[in-house]
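Q: Residues per chain, in single letters:
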Amino acid sequence: MLTIENLKAAAGEKEILRGLDLQVNAGEVHAIMGPNGSGKSSLAHILAGREGLDVKDGSVTFDGRDLLELEPEERAAAGVFLAFQYPVELPGVNNTHFLKEALNAQRRNRGEEELDSVAFMKLVREKMELVSMKPELLKRQVNAGFSGGEKKRNEILQLTLFEPRLAILDETDSGLDIDALRTVSEGVNAVRSEERAIILVTHYQRLLDYIEPDFVHVLADGRIIRSGDKTLALELEKKGYNWITDSEAA
Amino acid sequence: MNQSEGTLIRRLACDHQPAEKSRDENPWLRVLKKEAASWICDLPLPNRKMEAWRYTPVEFIDSTAFTVDEEAPFEALDPSDIEELLLPGSEWTDRVVFVNGRYAPGLSDLKTGNGMTLYTLAGESKLPSGFKRQIGQADLSDRFFFTLNNALMSDGAVIHVTGQSGARRRLELLHITVGMPDPVIHNPRHLVVLENNAGLELVERYTSLGKSSYFNNAVIDIHLSEGSELLHTRLQEESELAQHLSHLTVKLERQSHYQQVSLAAGGAWSRTDAQIIFNGEHAHAELDGLILAGSKQLNDVHLEVLHEVPNCTSREHFKGLLSANGKIVFDGKILVARDAQKTDAALNNENLMLSRSAEVDTKPQLEIFADDVKCSHGATVGELDPEMLFYLRSRGIPKAEAERMLCTAFANEVVSRISESSLRDHAKRMVLRRLASRGEAA
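Protein sequences, first through last, are from chains A and B.
Counting in the numbering used here, the first sequence runs from 293 upward without gaps.
Counting in the numbering used here, the second sequence runs from 10 upward without gaps.
Some clues are possibly wrong.
Listed next, the stretches of chain A that the computed footprint assigns to chain B, with coverage defined by at least 3 CB atoms under 8 Å from CB atoms of chain B [as the list claims (entries may be wrong)]:
1) 335 to 342
2) 358 to 370
3) 375 to 381
4) 524 to 530
What the hints contain is simulated information worked out from the structure, not anything from laboratory work.
All C-beta atoms in this analysis are idealised placements derived from N, C-alpha and C, irrespective of residue type, glycine included.
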């Protein structure tokens, strides 16, 4: 589904990815772990199409298409979804309006029929229940004045609503208490399927207790320096990142 | 004075003496106009050396051969002609229509017996002398266009509201300009007086039928007596070729309450000169404004809030939205007199620029002579937040639509202050139309 080959990228003068390779197939859950500043979040944002991160070399192929050629909105319609570490507040933009516009824009782009208000409201209420989100958050402005947990739930609500082919969760566990982490994880697990792939970008092993990955990769200094199964995450938790980065250096 | 400037418009004002022959005009009006005309001959035309006109070019006034429209074409209009201009689904009970600066009774819809009385300057019915005095006591020595209005005014509404019934009334003061072959200057002159404890919702609109070039030079004076309350919505929807200048003065007596939401969208050249004057204690004024400036548009708001007495509060919040080569001038000043202790006033101007060729000149000011006050002022100029845009686009919303959503959100902060829903919807549509067309000449 997703093939990243020798990806090199920079933010201005600063190199952030230095030849990264990754293969993600449908049905798989990959965890990308690594120390702060290793480039994990940048990778997530490059896949979603953020401006200001320049790809210098390499390729990203998504379902046979050159992902890097697509605008952010085209990537979304193609099925790439990024749950933000810091969901952006949009004062003055009503949450229901935003969710409906986003879903219908994706559907339009794919040549599917738009959902009318009735069908949309039915769908969104169903999904809100899944992520234990208070219904009144629909009437509020997007993320504005939301608590940290409410913002993350709003991201996962979008994940369940858009049903993307590839979901990239950027530090979704950060700043969540155990209860919020559990409901967010339930939301993610609910969308796990044979057709869908998930990339979890995380600093801590904690999230992986709730969402069990098929593969764990360690990203350091702009490259994946080790890959393994979920036991790699447990080992990391015990021994710290230095265990790998030092042995790499050695 | 410089004789070479403003010759056309000055000659118009000086020549257009209300000679006894021309119309059977009310004699008191004729006297006022004559006096104003004598002033105008000596008043300098606004120019960039004057602080109040530093960023607002007025060359058009000297390069256009304006005429004064003697015979208004409203007789030719019937209600079906103006249907497109009416607020859909509005519950407004009363409507006073001015066509090309003159009262159009056939298009107006005014009920009587609800404590509201309408007089017109040109009308037959006798205007009580108190109102004549109020119109006549204007200071003509200073402001060129204001004095020009006085010299050329031919009609206007005097709206008198008494508080006896205690009920709320709604009135739409609708200005319609019908295009004429030659550029015409209209000078409507209105007076709104709320007696003690009276309440009114006033909608002041400026619209046009067809794309035509004209200059609307309006004056509206508002007097709020003790305990009265006015909700004032101002919608400037002039033709995109028009020049629009409105002079607004609001005088607040004790415990009166003034709330204004204004939306200035039309016109090639548009300016508001507003003065809010606190005359009595414990009065409150609140003004929210949205200023739109797109291709080939200049939109100027000059606002003065004069706290002359203690214990009054005022809030002024104006937002500018600029695209293409649009230009906005904002000059807002809060002045607190020495005796005006415990004044609580805040003024704020925010601007969102969608284009690098747009220009905004903003100048919020505080002048405080009292020592126990709470005042603040500020201005910001910014572009659309790239983080917000990326967030929306990453959700599948195309760039142009994402921009439109953020602009609408910016505008809605002002528009949502309009409490009446059909009016609010109308204002929202105005903004959306403008946002949809903004790219055309960018």
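Q: So, for every hint listed, does it hold in this structure?
A: Right, here's what the structure says about each hint:
Remark: the stretch 335 to 342 of chain A is confirmed as covered by chain B, as 3 of its residues place a Cβ nearer than 8 Å to a Cβ of that chain, reaching the required three. Only residues whose beta carbon comes within less than 8 Å of a beta carbon in chain B count, and the stretch 358 to 370 of chain A has 6; three or more means the coverage holds. For the stretch 375 to 381 of chain A, the stated coverage by chain B holds: 3 residues have a C-beta nearer than 8 Å to a C-beta of that chain, and at least 3 were required. Requiring three or more residues with a Cβ within less than 8 Å of a Cβ of chain B, the coverage given for the stretch 524 to 530 of chain A is violated, as only 0 such residues are present.
Against the hints set out earlier in the document, a violation occurs for number 4 only.
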